[in-house]
Amino acid sequence: MHNPQLNANGELTHLLSIEGLPQAILTQILDTAASFMEVSAREVKKVPLLRGKSVFNLFFENSTRTRTTFEIAAKRLSADVINLDINKSSTAKGETLLDTIDNLCAMHANLFVVRHASSGAPYLIAEHLRSTGRDDIHVVNAGDGRHAHPTQGLLDMYTIRHYKKDFTQLRVAIVGDILHSRVARSDIHALTTLGVPEVRAIGPETLLPKHLDKLGVHVFHDMDEGLKDCDVIIMLRLQNERMTGALLPSAGEYFRHYGLTPQKLALARPDAIVMHPGPMNRGVEIHSAVADGGQAVILPQVTFGIAVRMAVMSIVAGN
Amino acid sequence: MNLEITNGRVICPKSGADRSNASLFVTEGRIAGIGEAPAGFVAGHTIDAAGCVVCPGLIDLGARLSSIEAELAAAVAGGVTSVVVPPDADPPLDEPELADRLVHRGNEIGKARVLPLGALTLGLKGERLAELAGLKKAGCVAFSQAKVPVVDTEALLRAMEYAATFGFAVWLQPQDYWLSRSGIAHDGEVASRLGLAGIPVAAETIAIGTIIQLVRITGCRVHLTRISSAAGMHLVHRAQHDGLPITCDVGIHHLLLTENDIGYFDPHARFAPPLRAQSDREALSEAVAAGWAAICSDHTPVGADDKLLPFGEAKPGATGLEVLLPLTLKWAETAKVSLSTALGRITAAPAEILGLPGGQLAVGAVADLCIFDPDATWQLTAESLKSRGKNSPWLGYMMAGRVKATLVGGEVVYRA
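Protein sequence lines correspond, in order, to chains A and P. For the first sequence, this note's numbering gives the first residue as 1, with consecutive numbering after it. For the second sequence, this note's numbering gives the first residue as 1, with consecutive numbering after it.
Please note that a few of the clues may not be correct.
Examples of chain P residues toward chain A, derived with CB under 7 Å [claimed, not checked]:
1. E95
2. S192
3. G195
4. L308
5. P310
6. E313
Since the hints were derived computationally from the structure, they do not count as laboratory data. A virtual CB, placed ideally from N, CA and C, is assigned to each residue, including glycine.
With these hints in hand, go ahead and build the complete structure from the sequences.
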């Protein structure tokens with residue numbers, strides 16, 4: 001099957017998902033991001049790679065944090081950035097997703113950064129651009145439904161590589177609501193593609209998707225067992241709405257079984273790092289002593305995120 | 001007028017008779033002879049069926065006619081001479097007047113025969129019974145909830161008791177409301193990978209289990225539509241084996257496609273019930289080959305605007321009337337089933353489910369016929385379809401099997 005993310009030369013033209021990308025492209029993105037780390041430390045934090053290009057941040061679902069980091073990244077690449085909060089404009093007037101895209105193309109967009117509540121929405125946009133012959137317009141998925149959040153996955157990989165150097169000796173645990181998490185899916189594909197030998201998923205059965213083993217993941221229901229000897233722990237945010245259905249009885253019971261406390265963290269390797277895509281729920285999935293402790297790398301993740309997003313945008317749409 | 005269809009391969013799936021280079025004779029809308037001309041027969045008109053199969057017209061157990069003229073033209077272009085129409089139209093077919101109007105309109109257009117299913121409950125809401133006897137009188141062949149589950153089991157019990165009183169058949173699509181309401185794809189590997197909310201197989205088996213128990217109590221004759229899973233088919237077959245009056249059908253797309261065909265979120269691969277795993281597809285195929293289930297197109301025309309959406313927002317279903325025959329031939333090839341057996345699943349088997357005499361070639365039978373070239377290939381494109389529904393996972397694919405002519409009551413209603 002044709003991979004919609006790659007052009008005829010096998011180069012990245014859209015970033016829609018980590019799944020299906022070769023290891024070489026992931027490494028290329030991480031290496032490019034490393035070269036941009038220095039830009040953010042300069043007094044003039046700009047490079048001209050997207051000069052004259054227009055980046056449209058299309059957020060069909062609210063997000064301040066991700067949108068802001070994409071905006072900063074695009075500006076550091078010298079692009080013009082237009083933020084569109086679609087919830088409040090076009091679709092409210094009945095315009096379809098693809099009509100919105102056509103209109104923005106007519107305004108000479110070069111790159112769409114898309115967040116959407118429906119899994120697969122960025123694929124629909126990419127396919128529409130292809131079938132209408134607009135191969136020079138690119139799409140970066142900033143989170144679609146439960147499906148993927150590839151730039152978050154990549155910044156997580158950047159963080160792991162920064163602290164652990166080599167992927168091929170690691171034991172990585174992802175803890176929490178994997179069923180509803182696009183971050184978890186992107187992390188799983190990135191970790192397995194980069195050669196991590198053991199990826200673990202820890203959570204109650206109600207928050208784990210079926211057939212995780214087919215993705216090369218070892219499932220644990222007991223957190224103590226799952227954390228044992230891990231090098232990296234990725235905590236996931238637990239949305240408050242998960243408590244209203246029959247998925248979980250209460251935040252308190254969840255924290256007792258799956259919250260990361262200093263005692264639980266002690267089961268991992270002494271040099272294990274703790275990651276979280278944010279925003280955190282302190283006292284629900286993570287204890288403050290861990291979130292603020294010496295093993296947490298949650299704030300560096302945010303910093304790396306800007307360099308990673310610069311790398312992705314410059315690779316797909318760069319001059 | 002007397003008509004002779006010459007040189008065809010004449011297949012009657014019901015009797016299994018399969019004659020090559022035979023003629024079929026039609027007088028006054030009925031079959032007057034097969035092989036040998038009846039005494040004194042003079043053909044006023046001849047159709048040369050050399051290289052073609054002559055078989056009973058297809059009977060489709062489920063086709064939505066959103067724009068009735070276009071869809072009935074699509075039916076006969078696909079060799080379909082009778083279409084069973086589910087009641088989930090707008091408005092739902094829950095009043096005798098609406099059924100009457102639909103049948104009348106169908107007769108006026110004069111292409112395929114229209115066999116409406118009346119709504120079992122008012123507005124398909126699963127609460128109050130529709131006027132079943134009145135609907136029957138207006139031409140409804142059975143009663144159905146289309147794809148809408150009856151949530152209230154007591155309401156379903158009462159509806160089946162009432163239908164059984166009059167000897168009416170009830171058609172149900174087995175789907176547990178609670179387990180299916182928020183899902184959009186089979187709760188399997190693909191849904192996990194793509195982050196699509198899942199519909200477990202248990203949504204189907206729980207509903208089938210409930211219906212089987214209610215059939216035991218009420219004796220109501222039930223037809224289960226669009227079985228999608230191996231476990232569901234197993235339950236139906238066991239109930240049939242126990243002698244319960246239960247039949248079932250499978251959508252043609254479920255015989256050929258699986259969850260893997262969703263690919264990169266292709267909205268054309270969204271169906272209700274969802275496409276399931278490879279093992280489910282194989283079990284359905286074996287069941288149809290064994291004669292436990294009929295095949296149905298589940299024709300669902302969906303406008304482009306309702307398909308050009310993210311997978312979970314796109315309307316489920318595919319156009320079916322014009323692909324039912326070629327896809328059934330394709331299935332026959334992959335399942336290693338004889339042409340006659342395969343044709344039986346879209347002619348004789350549906351006729352038996354409906355309790356109608358159609359679906360056979362016999363002297364005296366009504367001449368609803370399909371003449372097709374099994375080897376002629378054509379490319380499925382939006383333009384090639386007469387249906388308003390251009391929604392198909394097969395767009396761009398080559399189809400083998402092309403209808404040359406379709407006859408309803410001895411009249412040629414379609415000619416390629």
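| task | Hint by hint, work out which the structure violates, then give me just those numbers in ascending order. | result | Result: hint 1 breaks, nothing else.
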